[in-house]
Amino acid sequence: MNPEEIIEEWKSEIDGNFNNLHKKVLNYRKQILKKSKDITIWLGGPGKGSELHPLRELIRKILEKYNFEVIFSEEFQGGADLASKEEEELQALDLIILLSISPGASSEAIEFAHLDKIRPKFWIYFPREFRDGYTYRSLSEKHRIIGGEDTLFSLENFKKFDSELPIKIVNRAISHLSKMNLKKQICKLTNPS
Amino acid sequence: MDALERTLKELSIKRLDNLKIEVIRYSPADEQGNKKIYKQVNETLLSIIEERKPGECIHMTGEMRALTDPVHREICKKLFDRHKSKFDMIFYYPSKYEISGQNIAKYNREVWEDISWSDHFQIFDLLGDGIVNLYALPTLKKIHYSVFDDKYILLQSHHDHMEHIKEVWILESKFLNKKLLDNAKDLIKKAEYLQPILFRRFNLSISSDIALHTLFMIEDEGKIKREKLLSSLEKVKWCDKSIIPNLIIMGLVQVTNDFFTLTEEGNKFLKLLT
Chain A
1 MNPEEIIEEW KSEIDGNFNN LHKKVLNYRK QILKKSKDIT IWLGGPGKGS ELHPLRELIR
61 KILEKYNFEV IFSEEFQGGA DLASKEEEEL QALDLIILLS ISPGASSEAI EFAHLDKIRP
121 KFWIYFPREF RDGYTYRSLS EKHRIIGGED TLFSLENFKK FDSELPIKIV NRAISHLSKM
181 NLKKQICKLT NPS
Chain B
1001 MDALERTLKE LSIKRLDNLK IEVIRYSPAD EQGNKKIYKQ VNETLLSIIE ERKPGECIHM
1061 TGEMRALTDP VHREICKKLF DRHKSKFDMI FYYPSKYEIS GQNIAKYNRE VWEDISWSDH
1121 FQIFDLLGDG IVNLYALPTL KKIHYSVFDD KYILLQSHHD HMEHIKEVWI LESKFLNKKL
1181 LDNAKDLIKK AEYLQPILFR RFNLSISSDI ALHTLFMIED EGKIKREKLL SSLEKVKWCD
1241 KSIIPNLIIM GLVQVTNDFF TLTEEGNKFL KLLT
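Keeping their order, the protein sequence lines are chains A and B.
Under this note's numbering, residues 1 to 193 are what the first sequence spells out, in order.
Under this note's numbering, residues 1001 to 1274 are what the second sequence spells out, in order.
This is chain A alone, in the form it adopts within the complex (with noise of 0.2 Å):
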């Protein structure tokens, strides 16, 4: 399959696990999703070099099939670590998302781990077939930043293009959606002028 027929097989699968939902949820979801290009995330994962950087290519399309705005670090403001960028740069981002795949970027995991500035917006995305590796101890149990199905998914199946892990990514984008609307909601309420 090319990149084109994968994504559209991938946001077919996405609607339509959504369309088993409540019909208010998904009236809910059209009108959020009317705000997600003011969303920008910085998806990381394997570069150029590496044989699965088309993994990662796929999922910023689909989130883009949504509307987000994705950027790699490659392109972000000269194409430096996300770790030396600054504060004021980082906080036009609205998620950080890591694809755990490659041996580099499950490093970058551990590296920012330790970023106060980066935790709260990160989402680290793991193969459960590494689970019991050193990585995920060390992000799970020593980081406490990572665990729970919905950020675990099976790598060998989305080498075969499954779509598990850009249904839980494209989710999670819109649940941040969801986040912000119901913060904004609560505001409203709380302050009425």
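Any given hint might turn out to be false.
[Claimed, not checked] Straight-line Cα separation of at most 27 Å, DSSO-like style, residue types lysine-lysine; simulated pairs:
| no. | chain 1 | residue 1 | chain 2 | residue 2 |
| --- | --- | --- | --- | --- |
| 1 | B | Lys-1014 | B | Lys-1053 |
| 2 | A | Lys-23 | B | Lys-1078 |
| 3 | B | Lys-1036 | B | Lys-1142 |
| 4 | A | Lys-37 | B | Lys-1271 |
| 5 | A | Lys-184 | B | Lys-1096 |
| 6 | A | Lys-142 | A | Lys-35 |
| 7 | A | Lys-65 | B | Lys-1237 |
| 8 | A | Lys-11 | B | Lys-1036 |
| 9 | B | Lys-1237 | A | Lys-35 |
| 10 | B | Lys-1036 | A | Lys-142 |
| 11 | A | Lys-183 | B | Lys-1096 |
| 12 | B | Lys-1096 | A | Lys-142 |
| 13 | B | Lys-1235 | A | Lys-24 |
| 14 | A | Lys-168 | A | Lys-11 |
| 15 | A | Lys-65 | A | Lys-142 |
| 16 | A | Lys-159 | B | Lys-1235 |
[To be verified] Quick partial rundown of chain A residues pointing at chain B, CB under 10 Å, derived from the structure:
| no. | residue |
| --- | --- |
| 17 | Ser-12 |
| 18 | Asn-17 |
| 19 | Tyr-66 |
| 20 | Asn-67 |
| 21 | Val-70 |
| 22 | Ile-71 |
| 23 | Ser-73 |
| 24 | Pro-120 |
| 25 | Gly-147 |
| 26 | Arg-172 |
| 27 | Ile-174 |
| 28 | Ser-178 |
| 29 | Lys-183 |
[Stated by the list, open to error] To spell it out: a stretch of chain A is covered by chain B in this simulated footprint if at least three of its residues, at any positions, have a beta carbon under 8 Å from a beta carbon of chain B; those stretches are:
| no. | segment |
| --- | --- |
| 30 | 24 to 38 |
| 31 | 184 to 191 |
Since the hints were derived computationally from the structure, they do not count as laboratory data.
In this text, a Cβ means the ideal position worked out from N, Cα and C, and glycines have one as well.
The hints should help you fit chain B onto chain A, whose structure is shown.
Chain B only, in chain A's frame:
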């Protein structure tokens, strides 16, 4: 020995006469008096933050009740936005409870009694954004206090853990501030830092599609049996079923004899979003 001396003695601070401790304000153990003191502390903090960073700020608490005050939450945000500085907050969290966003939320509901879901959400939002550093201490300390601006102390008398009305003092003393600051820092070393992701994850679950789906299903039916609700969720792939206990913890849903119904808060929540 008066109440202040007794309280300081509990902290192993003796010989009050030899220390320069100015009592700026005192409240007996009554609600109105306590409210006035907390208001004054908030005002003092705010005016300091407008001008400069207020030194190291630590709350050594029982139930992190300071965060239930919306004004104080705004102060924490202002401190972070303006000075990139954070309050450290230590609270008592029994070691029998595993650390998770869900368990902490459940514990909060037990000790905060009348907290609304929106206040709880906002508290977790603050913590989820890492604006306050929260530390869980497995032992309940007798004396609770706050220190800020290198010289101010908000001191509380020894009180029952679940009783939040007590004698309170605002004190000014560089010596006492330093001593209590060091004491709090030692406690932080013995406490567990609670990662922001715990609170973010919990809040995201409350605002998620699955949460809304659950609430709308219950709204449609008035009351719905557990099996029927769970079966509707089975059709959604990669769906997090821990949503349901989270909605109960937040007071949006209640369950009686295996039937789920919306609470008044749950109805308000749906009205707010749709």
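Hints and how they fare:
Of the supplied pair hints, the one linking Lys-1014/B and Lys-1053/B is violated, its CA atoms being roughly 30 Å apart against a limit of 27 Å. For the proposed pair Lys-23/A and Lys-1078/B, the alpha carbon gap of about 40 Å is over 27 Å, so the pair is violated. Pair hint Lys-1036/B plus Lys-1142/B holds up; C-alpha atoms about 23 Å apart against a cutoff of 27 Å. Restraint check for Lys-37/A and Lys-1271/B: satisfied, since their Cα atoms lie roughly 26 Å apart, inside the 27 Å limit.
Using a Cα cut-off of 27 Å, the hinted pair Lys-184/A and Lys-1096/B is violated, with the two alpha carbons roughly 36 Å apart. Between Lys-142/A and Lys-35/A, the direct Cα distance comes to roughly 36 Å. Violation of the 27 Å bound is thereby established for this hinted pair. Proximity of Lys-65/A to Lys-1237/B is assessed by CA-CA distance (about 20 Å); at most 27 Å being required, the pair is judged to hold. With a C-alpha separation of about 56 Å, the suggested pairing of Lys-11/A with Lys-1036/B is violated against the 27 Å cut-off.
At most 27 Å may separate the alpha-carbon atoms for a hinted pair to count; Lys-1237/B and Lys-35/A meet this at roughly 25 Å. The straight-line distance between the Cα atoms of Lys-1036/B and Lys-142/A is roughly 42 Å, outside the 27 Å bound, and the hint therefore fails. Between Lys-183/A and Lys-1096/B, the direct Cα distance comes to roughly 32 Å. Violation of the 27 Å bound is thereby established for this hinted pair. This hinted pair checks out: Lys-1096/B and Lys-142/A have alpha carbons roughly 20 Å apart, not beyond 27 Å.
With a CA separation close to 17 Å, the supplied pair Lys-1235/B and Lys-24/A stays within the 27 Å bound. Distance check on the hinted pair: Lys-168/A and Lys-11/A sit about 12 Å apart at the alpha-carbon level, within 27 Å; holds. Our distance criterion of 27 Å between C-alpha atoms is broken by Lys-65/A and Lys-142/A, whose separation comes to about 36 Å. At roughly 25 Å between alpha-carbon atoms, Lys-159/A and Lys-1235/B fall within 27 Å of each other, so this suggested pair holds.
With a least beta-carbon distance of about 13 Å to chain B, the hint placing Ser-12/A at the interface is violated under the 10 Å criterion. A distance limit of 10 Å between C-beta atoms decides the matter here; for Asn-17/A the minimum to chain B is near 5 Å, and the interface restraint holds. For Tyr-66/A, the interface hint is violated, the least distance from its beta-carbon to any beta-carbon of chain B being 13 Å, above 10 Å. Here the hint on Asn-67/A is broken, as its CB sits about 17 Å from the closest CB of chain B, past 10 Å.
Hint status for Val-70/A: violated, given a least beta-carbon distance of 19 Å to chain B, over 10 Å. The interface hint given for Ile-71/A is broken, as the beta carbon of that residue sits about 21 Å from the closest beta carbon of chain B, more than 10 Å. Annotation: Ser-73/A was flagged as interfacial toward chain B, and the flag is violated, the nearest CB pair being 21 Å apart, outside 10 Å. Residue-level restraint check for Pro-120/A holds (minimum Cβ-Cβ distance to chain B is 4 Å; threshold 10 Å).
A distance limit of 10 Å between C-beta atoms decides the matter here; for Gly-147/A the minimum to chain B is near 8 Å, and the interface restraint holds. For Arg-172/A, the suggested interface contact is upheld, since its CB lies about 8 Å from the closest CB of chain B, less than 10 Å. Satisfaction of the interface hint for Ile-174/A is found here, the shortest Cβ-Cβ separation to chain B being roughly 7 Å, below the 10 Å cut-off. At its closest, the beta carbon of Ser-178/A sits 4 Å from a beta carbon of chain B; the interface hint therefore holds under the 10 Å criterion.
Satisfaction of the interface hint for Lys-183/A is found here, the shortest Cβ-Cβ separation to chain B being roughly 6 Å, below the 10 Å cut-off. Coverage of the segment 24 to 38 of chain A by chain B holds [criterion: at least 3 residues with CB-CB distance below 8 Å; count 5]. With a threshold of 8 Å between beta carbons, the proposed coverage of the segment 184 to 191 of chain A by chain B holds, since 4 of its residues qualify and at least three are required.
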